[in-house]
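Peer 1: Heads up: the sequence lines are chains R and H, in that order. Using the working numbering, you'd call the opening residue of the first sequence number 1 and step up by one each time. Using the working numbering, you'd call the opening residue of the second sequence number 483 and step up by one each time.
Do not rely on the hints blindly, as some may be mistaken.
What the hints assert, rightly or not - These stretches of chain R come out as covered by chain H in the derived footprint (C-beta under 8 Å, 3 or more residues): (1) 405 to 413; (2) 416 to 429; (3) 450 to 460.
These aren't lab readings, by the way, just hints derived from the structure by calculation. On a predicted model such as this, the values are computed, not experimentally measured, just so you know. Glycine residues also receive a C-beta, built at the ideal position from the N, C-alpha and C atoms.
The residues making up each chain are set out below.
Protein chains: 2
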Amino acid sequence: MINLDSIFSASKEAFLFYKNVSGKEKSEFLEKLAQILEENRSSIVPLAVKESNLPEGRINGELGRTTGQIKLFSNLLKEGSWVEATIDPADPARAPLPKADIRRMLTPLGPVVVFGASNFPLAFSTAGGDTISALAAGCPVIYKAHPAHPETSRKVADCIHQAILKAGFPSAIFTHLEGGIEIGQGLVKHPTAKALAFTGSHAGGKALFDLANQREEPIPVYAEMGSVNPIFTFAHKLEKELLPLAKAFIGSLTLGVGQFCTNPGLIFVPESQAKAFENAIAAELNDIASAPMLHPGIAQAYYDSIQYLQSREELRWVKVADSKHLLNGSTALAEISASDWLKDTVFQKEVFGAFAMMVVYKNQDELLAIAEKLHGQLTITIWAEAEELKTQLYLINLLEEKCGRLLFKGVPTGVEVGYAMQHGGPYPSTTDSRSTSVGAFGIKRFTRPIAFQDMPFELLPDALKDDNPLGITRLMNGKFEG
Amino acid sequence: MINLDSIFSASKEAFLFYKNVSGKEKSEFLEKLAQILEENRSSIVPLAVKESNLPEGRINGELGRTTGQIKLFSNLLKEGSWVEATIDPADPARAPLPKADIRRMLTPLGPVVVFGASNFPLAFSTAGGDTISALAAGCPVIYKAHPAHPETSRKVADCIHQAILKAGFPSAIFTHLEGGIEIGQGLVKHPTAKALAFTGSHAGGKALFDLANQREEPIPVYAEMGSVNPIFTFAHKLEKELLPLAKAFIGSLTLGVGQFCTNPGLIFVPESQAKAFENAIAAELNDIASAPMLHPGIAQAYYDSIQYLQSREELRWVKVADSKHLLNGSTALAEISASDWLKDTVFQKEVFGAFAMMVVYKNQDELLAIAEKLHGQLTITIWAEAEELKTQLYLINLLEEKCGRLLFKGVPTGVEVGYAMQHGGPYPSTTDSRSTSVGAFGIKRFTRPIAFQDMPFELLPDALKDDNPLGITRLMNGKFEG
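Assemble the whole structure, with the sequences as input and the hints as a guide.
Peer 2: Shown next as structure tokens:
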């Protein structure tokens, strides 16, 4: 029996210590964690492969992504400017009233709840981006493992606790829990929880969002709920690069058996190129072998969605899924006219897996209607020649409103972990488009600003001290310095 | 009959233009607006005085605050770095995969709804901080006037439309509406609305928050719902500065007939100084004349709250409110022991008006229990001698978790409009402690990040162009430049 009160009480106590730990110490802790994870690579990888059905190469890469991400946050902390230190010095001579000294910076929110994702057993799970950005911000994490990979999760949690022990931090800055929906709900409802992060289905994310808002004290919810990541293609571009683009599209669609948040499940193709593009992608699809999905539940949901879509007469099937081996995520692709697509929003619902819908548009009016009707997305990709782009500025203007990341080349999968990444788009792709769950700025999700007015200089945090002992970039009287 | 669909449709169309307007042009527009408001001072001020019952001196000052605020945002736009431009350049040579060019900046959310506040007919109303920060961000505003000052609101709206006309912007970037609760609810529910800002009561703010979260697409709600802004006092400090502190406290409490979000309605006093402090503030209170409150509804609510508190035997009344003239906000002050105060959270409920509760504490344990029990506040003030502060580091650590601004001198009223101001604290003082409704960073409430990947250079917004034509400070490969 899990006692959430005592877990949160320990977490809160740990927070009152951990929030005051310097960036340098947190940075060293994260570096140590990255090192311990690397040292345990040979035991972590086989567990994750076994529990996720993902190939070893992919899991090895994902562990590299995980430690790379940890190092990014370590660097961010070492540099230190991320706290947005802002100083408006006093002006005792100001008339009619003297001006007080006010200094503002970001401060951690408190203990936060993180839910693991099934599709990234490492990079979006136990020591994934949500956990690490919260720990970097100074927030203890209460982590609910995804039931699809319990052993992997326990092993990684062990590594985190080794690193905490080495750093001499309270062990309660990270708590690893396993359990079902009730535990998850209990975590979200607990009054000590100050935020929650989640990557998964729309149904799951929305349920947590609603629960968090029904609390006596509502808390921020960062739910990344996936999207269909449409690609808009134009005639000249397709004409010129038909085969490489067909290959790129199918490669991105079927990467990881279509189980990424950013697989492109929707592609808009001009009528003039539709037949040629269809032929090209059909050929590519034939080369893609079926592969096992993450777990039977996900495979079942995939085939249920496909079955429903097969009942819709608006669709013409370029390739039907082969469901002989149910766990295998067989690719599938259907075609629909833009006019039919526009009539029912069910056609833009995400089918988690390697299924895509190719929508054939006739003219600019249809394109603009599509842009208007499109739900919020993590990414939108535009494949157009330079001279085509020039005629599509209004469309681009509309599409900016529908996504967190707009691509003009390449494919949406392969989300870079850097400073400029934005992995969070308008609802329903996430519950908070003001946040990103990938990249350095993910840290800001777990903070709020605090201002100190006329605080005695000896009490000021280092980030706000007059002589800037951290050497960070700060806003002084409205100007960047340092 | 107000047709919200056509209003939002015009607002959305205006947005698709206005979001692309340069910071320089928006800055000029705001400067023009400040100028027009000043030119209309002689007609605005008498209207606001008549409709708010506030004295002319205060309203004159508030107009200055309003135009000062507009100029702050104008300067912010002129400088331009607020968009958080972040560039991770491409690295085509990276192995195993080339790195794409990713550039991120803040982009406006879309049309937003702003509700006027009754207690600041100018600075938190029609051309107040919420409206101006949204317009500065690039968001059209649909403004619902507060019914307490319709004529003032119409006049100021006229000034905004004059400035829009001069700037050549679409008039729908600002829409002035009047109406009751139904109009307000209609605005919040409308699918085109992308955020809302509100300053007012807890009941009002919470209702809007719930409504916004029940939408098909939930939207951010920035409701500033007030707080009791406790002051923690310590024995040596009171001993040394009894009379000036009593004067400062009563001055801040009764400023504007106690109708500020930051009036201190709660003060914690050590037992050793309780009698002396009580005598000192009682003397100060006698010097404060009753003055009319904003409108009869607010006065009625004030006296209703006082009447309820008078039924509570835990309280001892230092001064009872004189309700002979109901519109007059007569001061009132009651004393309670910390042990009684801790037993019922009703004793920390805001009474909007010039009422304060003086809580007498016996020891450190009580102080820590108070800090634990305290609800989220806009501000907390600590009055202590340097050597007392040294012994209160743990208390300060706890109190940081309960407020947006922590003061060590002076009083919480007189909220500076600057860069470092944080006017937004943990719930229930606001619905979003990550935001501020006063100061330059209020602009960020109406934005979200967008990343452009491999965008052709000629399409990039100026803020993200290679040669930095705006000359702003940007994060380049994780380092500040410019």
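Peer 1: Of the numbered hints stated previously, which ones are contradicted by the structure, given in increasing order?
Peer 2: Violated: none.
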